[in-house]
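Using the hints, position chain B against chain A.
Each chain is listed here by its residues.
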Amino acid sequence: MAGNIKIKAKAEGGETTVRALMTHPMETGLRKDKKTGEVIPAHFITEVTCKWKGKVVMTALWSGGISQNPYLAYKFKGGAAGDEVELTWIDNKGETETATDKIA
Amino acid sequence: MIDAKRRILLKGSLAAGAVGVAVGAGLLAPRVVLAAWPEAAFHATDIKTALKSLLGVEAGEAGGDITIKAPEIAENGAVVQVSVDSTLPGVKRMIIVAEGNQNPLIASFDLGEDALPSVTTRIKMNKTANVQALVQTADKTYTASKEVKVTIGGCGG
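Taken in order, these protein sequences are the chains called A and B.
Residue numbers for the first sequence follow my numbering, beginning at 7 and rising by one.
Residue numbers for the second sequence follow my numbering, beginning at 22 and rising by one.
Where hints are given, some of them may not hold.
Keeping only pairs whose Cα atoms sit at most 20 Å apart, straight-line, the calculated EDC-like set for lysine to aspartate or glutamate is [stated by the list, open to error]:
(1) A:K81 <-> B:D131
(2) A:K14 <-> A:D89
(3) A:K16 <-> B:D106
(4) A:K81 <-> B:D86
(5) A:K61 <-> B:D135
(6) A:K14 <-> B:D135
(7) A:K81 <-> B:D135
(8) A:K83 <-> B:D106
(9) A:K57 <-> B:D131
Hints were generated in silico from the structure; no laboratory data involved.
One chain only, chain A, in its complex shape:
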């Protein structure tokens, strides 16, 4: 699963903006398979932790109501070129993925 998060961080005017695109089916557990009529089991990201220089900036708690292949953008005060930002997601099955970027 490695390498499936695209993350870009950019500092401007004393603020850093981070944009990330994850790869995930985000199944709600409410949909039914059209052919079999069986419920498709829930499989979605429940928590996204965003860090700057190892410190948590934001934690996002999600339901299956977030779109497939989730997009997330957020901002924080400060941040200088070269600082590391990190994003980690964990889903309801306990699968997890992490990506980092250096602020541009």
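Here is chain B on its own, set in the frame of chain A:
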């Protein structure tokens, strides 16, 4: 007296046994059970229950400075980009609710001290409805909403 205690002991061990079996069978991944994910709020089918469970209040107050950016018309309800911004000081949490969804609570963003009250994500919308944003500060919860017309619902199979 002895009998009563014996009953309690039996009940207790039965309950513990059931959880143990569930974990063992992989029905409950231990990691998921331990996470702080607010299950009751996310599984609630009405907004009041979801907010009460998550924030302790059933609704936010109008009047806070909250800006919601979302399309007037979303052709595909499966992908609706929503931005929430606020100029309120000391924002601790931002919440996105899709009022027409089966489970209306979509996301809760817990902001650390360095975070700015500005988030963007893409959500699923079942039908034309208000997108509600709530912003929680140290002592208050504010709300704002914006209607998004959905051409094709994004939750069905």
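Here's how the hints hold up against the structure:
With a C-alpha separation of about 13 Å, the suggested pairing of A:K81 with B:D131 holds against the 20 Å cut-off. A distance of roughly 12 Å separates the Cα atoms of A:K14 and A:D89; the hinted pair therefore holds under the 20 Å criterion. Using a Cα cut-off of 20 Å, the hinted pair A:K16 and B:D106 holds, with the two alpha carbons roughly 18 Å apart. At roughly 18 Å between alpha-carbon atoms, A:K81 and B:D86 fall within 20 Å of each other, so this suggested pair holds.
For a cut-off of 20 Å, the pair hint linking A:K61 to B:D135 stands: about 9 Å separates their Cα positions. Of the supplied pair hints, the one linking A:K14 and B:D135 holds, its CA atoms being roughly 18 Å apart against a limit of 20 Å. With a C-alpha separation of about 9 Å, the suggested pair A:K81 and B:D135 falls inside the 20 Å cut-off, and the hint holds. A distance of roughly 14 Å separates the Cα atoms of A:K83 and B:D106; the hinted pair therefore holds under the 20 Å criterion.
Between A:K57 and B:D131, the direct Cα distance comes to roughly 12 Å. Compliance with the 20 Å bound is thereby established for this hinted pair.
Consistency with the previously given hints is maintained throughout, with no hint failing.
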